[in-house]
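Chemist: Could you build all of it, start to finish, from the sequences and the hints given here?
Protein chains: 4
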Amino acid sequence: MVGGGRGAFIGAVHRIAAQMDGKIELVCGAFSSTPHKSKESGKDLLLPSDRVYGRYRKMFRKEAKLPEGERMDFVSIVTPNNMHYPIAMAALDAGFHVVCDKPMTMTLAEAKNLERKVKSTKLLFCLTHNYTGNPMVKEARRLVVGGKLGKVRRVVVEYPQGWLATRLETSGQKQAAWRTNPKRAGATCCMGDIGSHCENLTEYITGSEIRELCADLTIFVKGRLLDDDGSVLIRLKNGTRGILWASQIAVGEENGLNIRVYGEKGALEWHQQEPNTLIVHWTNKPTEVRRTSTPFVGKEAAANTRLPAGHPEGYLEAFANIYNNFAQALTNVLEGRKVRETDYDYPNVHDGVRGMAFLDAVVNSARSKEKWVKVPN
Amino acid sequence: MVGGGRGAFIGAVHRIAAQMDGKIELVCGAFSSTPHKSKESGKDLLLPSDRVYGRYRKMFRKEAKLPEGERMDFVSIVTPNNMHYPIAMAALDAGFHVVCDKPMTMTLAEAKNLERKVKSTKLLFCLTHNYTGNPMVKEARRLVVGGKLGKVRRVVVEYPQGWLATRLETSGQKQAAWRTNPKRAGATCCMGDIGSHCENLTEYITGSEIRELCADLTIFVKGRLLDDDGSVLIRLKNGTRGILWASQIAVGEENGLNIRVYGEKGALEWHQQEPNTLIVHWTNKPTEVRRTSTPFVGKEAAANTRLPAGHPEGYLEAFANIYNNFAQALTNVLEGRKVRETDYDYPNVHDGVRGMAFLDAVVNSARSKEKWVKVPN
Amino acid sequence: MVGGGRGAFIGAVHRIAAQMDGKIELVCGAFSSTPHKSKESGKDLLLPSDRVYGRYRKMFRKEAKLPEGERMDFVSIVTPNNMHYPIAMAALDAGFHVVCDKPMTMTLAEAKNLERKVKSTKLLFCLTHNYTGNPMVKEARRLVVGGKLGKVRRVVVEYPQGWLATRLETSGQKQAAWRTNPKRAGATCCMGDIGSHCENLTEYITGSEIRELCADLTIFVKGRLLDDDGSVLIRLKNGTRGILWASQIAVGEENGLNIRVYGEKGALEWHQQEPNTLIVHWTNKPTEVRRTSTPFVGKEAAANTRLPAGHPEGYLEAFANIYNNFAQALTNVLEGRKVRETDYDYPNVHDGVRGMAFLDAVVNSARSKEKWVKVPN
Amino acid sequence: MVGGGRGAFIGAVHRIAAQMDGKIELVCGAFSSTPHKSKESGKDLLLPSDRVYGRYRKMFRKEAKLPEGERMDFVSIVTPNNMHYPIAMAALDAGFHVVCDKPMTMTLAEAKNLERKVKSTKLLFCLTHNYTGNPMVKEARRLVVGGKLGKVRRVVVEYPQGWLATRLETSGQKQAAWRTNPKRAGATCCMGDIGSHCENLTEYITGSEIRELCADLTIFVKGRLLDDDGSVLIRLKNGTRGILWASQIAVGEENGLNIRVYGEKGALEWHQQEPNTLIVHWTNKPTEVRRTSTPFVGKEAAANTRLPAGHPEGYLEAFANIYNNFAQALTNVLEGRKVRETDYDYPNVHDGVRGMAFLDAVVNSARSKEKWVKVPN
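Residue numbers (the numbering used here), protein chains in the order written: chain D, 1 to 377; chain U, 1 to 377; chain E, 1 to 377; chain S, 1 to 377.
No wet-lab data here; the hints were simulated from the structure.
Here the structure is a predicted model, which is why all the values come from computation and not from measurement.
Check before you lean on any hint, since a few could be wrong.
Where chains are identical, the list cannot tell them apart; a pair therefore holds if satisfied intra-copy or between any two copies.
[As the list claims (entries may be wrong)] Below are the DSS-like pairs computed for lysine-lysine, each with C-alpha atoms no more than 30 angstroms apart in a straight line:
{"no.": "1", "residue 1": "222", "residue 2": "285"}
{"no.": "2", "residue 1": "37", "residue 2": "299"}
{"no.": "3", "residue 1": "119", "residue 2": "58"}
{"no.": "4", "residue 1": "23", "residue 2": "62"}
{"no.": "5", "residue 1": "265", "residue 2": "151"}
{"no.": "6", "residue 1": "23", "residue 2": "58"}
{"no.": "7", "residue 1": "237", "residue 2": "369"}
{"no.": "8", "residue 1": "299", "residue 2": "265"}
{"no.": "9", "residue 1": "222", "residue 2": "148"}
Modeler: Structure (structure tokens):
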């Protein structure tokens, strides 16, 4: 693991998620850019001190020299955005498979470089767009991509949060500090941090791509340097039109990612905060409430469920599904089988490129007087 | 009443709403442009045959000659959109106060003419934007306009319906037929019919006005001549930004008008299909569920409520509130008191002008390559 | 109308409900046992003063002498419980059909007398168990009685309110005062006032009868003379077992009547505060959300609906359905057709007897050490 | 771990829960009464074969001989009910702390013996009544026991499930087979399996005890030997009255544990299927929606939360909280500190005795003609 030391949020999430199903074990880490802090964090995690590194490059070098079976099998990158790209490139160069947090890079150009690198190294690359790990998101994709709802016409995807409604970044809150800092977060805060989940969720469920968009980004909190709110009109390749919005100043909202997809024959609705429910509307029968782990959902959802119906699975379980699906591919690679990464149900490097292309277009559109901006291929 | 004969939907609604509180009685009508049908409709309504007219102009002429106390006190116009303007102008010219369905006219120019006419005749004019009759909408306005939520930053207003997901207008369904017919509905179907409620609700609750917008209108159903779906980015005078969308092809949606308003200190959420609930978020205390007829709502809501808490009041009751508030103004006028229409809590002719200005801008924006189109004053 | 003068709650409800569909008109009344107050109330209602009576017996006598077409067609009794019986008996004796509020009488013996009187006079008798007027309650009955859910096993019916959590009756609140007064309310407050709705709703939806029960009644508020809370285990004729509870001290609850019915093949759930939704579970398909006015409900629900889907109909509309269905029977009688009252969908005198038998058993059980008390036939 | 081999449900849950926070590691197990199956299960779990035992007694014997730091620190008992008692007694006799699934034993007498044994050995004993591990349950307890709701008057606790609506036990489903078998489950199925959670939740949140009750148990599915449904009137020591019911034949219900508590000044409502929400009603302010991980809940809830608000934590996380709280006590014991088990927030052996006393009274009441049966002390 790179990043995720004391005081970090997402590092702990990755650790719980990775280990949930007993297939992945934390064996080493460079938990902080401050070597001392990395060491302390390693102690907290009960790691032997010789597997706790002060620098990620050193870790890659040393681990690569350890015998197979002992050395780490892959790297998890859980740092702020600006470090994803150099670490991922270094890991791939050192021969390690990569799990990386999102957004994948700082720029679209980096993303494309990284995609080329993954292709050339033939190593695995998993991007933790965790929300697509939810069983009912997989059921939604099954219904939409399988044509059950008919041709899709409209999508509405939202991600309201309220935690940045005040200038939290000046209070010492680390999560707020780096996300609002252009040097660490990139050209966008709100859209990069959470709007990117909207994009990924939309493309995952519809199986189509956002082709053009019109964005209105706003900085509501005085003194802040990056957007904390944004609304985007979107048009997809398959003719779907819709709305994507995200906000970090939506007071009272916690983590309200949700999506509605309307087709010619049916429609659906999913809310991240009640993740085990998928509302499905039909033109020819009453609205259905499909639920995780019931006999009424497809095998994709079932394969990503651990418990009987009514035993709520949440954020960590969905996150663990990403790792679990990655672990299946990894196991096959480690056992010498040929693996085509797109056969596995986890976000890969191309999803990362899509995300950066979307953000690139959003930022350009926000500055433009033209109504529509193309999302670059 | 003009319009609302057999087979009409909104005419019956107006009649129930107007009579609910025992203050208004239907005394005459020209219920259809087909005189025979008007007569039959009058019989259904148990009206004496000499008060059922074949033509509205005749009704205005005859009724105006009846002695005070016997003649009608005001006209309700419940026809398709294209007839609102000529009937309203004629009614005002004949000296009658007017209640008129929305959208008020076919064009912004007509709307402005009508506003001038109302001003010059000094007669009352009530526009039945019925959803603002809901007690919890009034509570929302009280909280927002009263500053309880702080400066407003974002608004999201939606009106999804699914009833026009197929080409219903060719099946003989009258409601669908006129609404999708440019000659009877005007330059827009979806935005005019229901998007206009979004606009009115937004301006009523925020006390501000939409200043510029960016619209994407779509005709999803083949062969249809007017929009059945639309998304609009909006910017308000007070700095609020947001999204307004409406759709008639949103399969599974019934009549899903809803609004969310996010301010610096609080936020709120109201759904028309559960109209007696207002969700209110705060930065400094837990989310509240405010409910109609509890002691925890303001006097504006209380004044528009008939029943104890938990006895659901719905669409007809909200509609009746519009009539009831209009009846208060009317009673004062009839009893010779001076009345300033803006002192009363019902939508007036200026709200109708605002609505037409909004629709004008939406239609222009949909055809434009410019990102932002101003809403004319 | 008898009762329902100034300050009363249910009288106004009856008036709005009765008149909603334009079939029933208030023509006379004895609105209060205080003649002066009756007169004043009549004025409020714009009735001619010669049709406003100080005493109900006088009203029956005078009205009976008016010519047909002019005299009242039926009586609505909206007084406190203790007056239902004498007024209903007098009305029937005077040849008037009766609409009466619930519970029907003070004792089971009175209820049986009244049933005999109705039978012997062959007049119509409608008991306003208003909640069964809801369209989705009718859909529930259709599913259950029609066998769609299979043999019913368990029912849970609840009616929590919180308005009597303190000793409101000493504050001058009239509704609280008479309901907690044994002389006016009878042997029970909470069970009589709202538990009786639970009984009626259960028997209406299941088409079966409560055969035996075990009740625990409580007076939580000091100084109060009648129960303000009660829990009842119930067993139905058809083998169903279940729970019925009602409370007036359930702080925070408004008017939370709800019912769940579990059969061998399906189950359903209805909440009065969201009356247009019926949740239906199945063993072989996902849970459904059936909604008023959609094509997915039966003709019984459709016949009791005024508006398109998503236009919420509430308490008054459901109440109006009782009157409306009664008006259909009445019209047929007035037009000389033979009418069998059980062919019409409104609660009749036998439902009133069932209600009093239930209350009789509940009160007896609450005092008994025996586990099970039979509900008398 | 004893039990939890291949095909078991709750064993896997215990393993994920125990390991979630990185404080507990599975080191050995006797996973099945069939030694071969135990070995195979051990392999699945990647345990060294010498730590996988065919018999639990052998495991206790061998492990006890291992050096400190290497031998297991405590035993988790995750077998069917009939084995809890002998294994727990043996584990305590062998000097091991115990985590045991519920219900604790087959009889009240066994439960009391076990309590005496725990006291005499001074070892720790944790009973996995997992639902009390939910943060919002802890918030509920804080509000009630802290007196915020005033004196409690009524409680309603429910646990509907539908999975045993047919005779699943004859189909080879192992979970159904043992739970409906009196030799393995004890004197009750539904009440023992899930009614016991209702009892525990009620006593945990109210801080009081059920003193007497009146139960109606039913076997709805033909051929079944134990209750699959039951309703219980309850009276608590503190004067609270209420209802407790559980069912396994409630078609469409998944795992619907929920509780409502009504006090003099406030009330609350919690649903296990949406565990991160606690509805709180007040007499003097609007209803609140309290949510996990917001600043508006107490330290007890906060201490049992891993993620920011809106990141749903579910069944496994609540279960992990039980283990986590037990691990705190265990760590203190292992590090030589004196520990009073009641200072820690997990269910202990006395809660197990309470549960068995409740079940004892329920079974007696179901067979009795007396209305009220005391819960033995």
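Chemist: Against this structure, judge whether each hint is valid.
Modeler: So, going through the hints one by one against the coordinates:
1. Taking the shortest Cα distances, residue 222 and residue 285 sit within 30 angstroms of each other only across copies (24 angstroms), while inside one copy they are farther apart (50 angstroms).
2. Taking the shortest alpha-carbon separations for residue 37 and residue 299, only the inter-copy value of 28 angstroms comes in at or below 30 angstroms, while the best intra-copy value is 44 angstroms.
3. Only within a single protomer do residue 119 and residue 58 lie at most 30 angstroms apart by alpha-carbon distance; the minimum there is 24 angstroms, versus 53 angstroms between protomers.
4. In the homo-oligomer, the alpha carbons of residue 23 and residue 62 lie at most 30 angstroms apart both inside one protomer (23 angstroms) and across protomers (28 angstroms), since each shortest distance falls under that limit.
5. Proximity of residue 265 to residue 151 under the C-alpha cut-off of 30 angstroms is restricted to the intra-copy arrangement: shortest distance 8 angstroms within a copy versus 34 angstroms between copies.
6. In the homo-oligomer, the alpha carbons of residue 23 and residue 58 lie at most 30 angstroms apart both inside one protomer (26 angstroms) and across protomers (28 angstroms), since each shortest distance falls under that limit.
7. In the homo-oligomer, the alpha carbons of residue 237 and residue 369 lie at most 30 angstroms apart both inside one protomer (23 angstroms) and across protomers (20 angstroms), since each shortest distance falls under that limit.
8. Taking the shortest Cα distances, residue 299 and residue 265 sit within 30 angstroms of each other both inside one copy (22 angstroms) and across copies (25 angstroms).
9. When the C-alpha separation of residue 222 and residue 148 is checked against a cutoff of 30 angstroms, the pair qualifies only between copies, where the shortest distance is 21 angstroms, while the shortest distance within a copy is 47 angstroms.
Violated hints are absent here; each numbered hint is respected by the structure.
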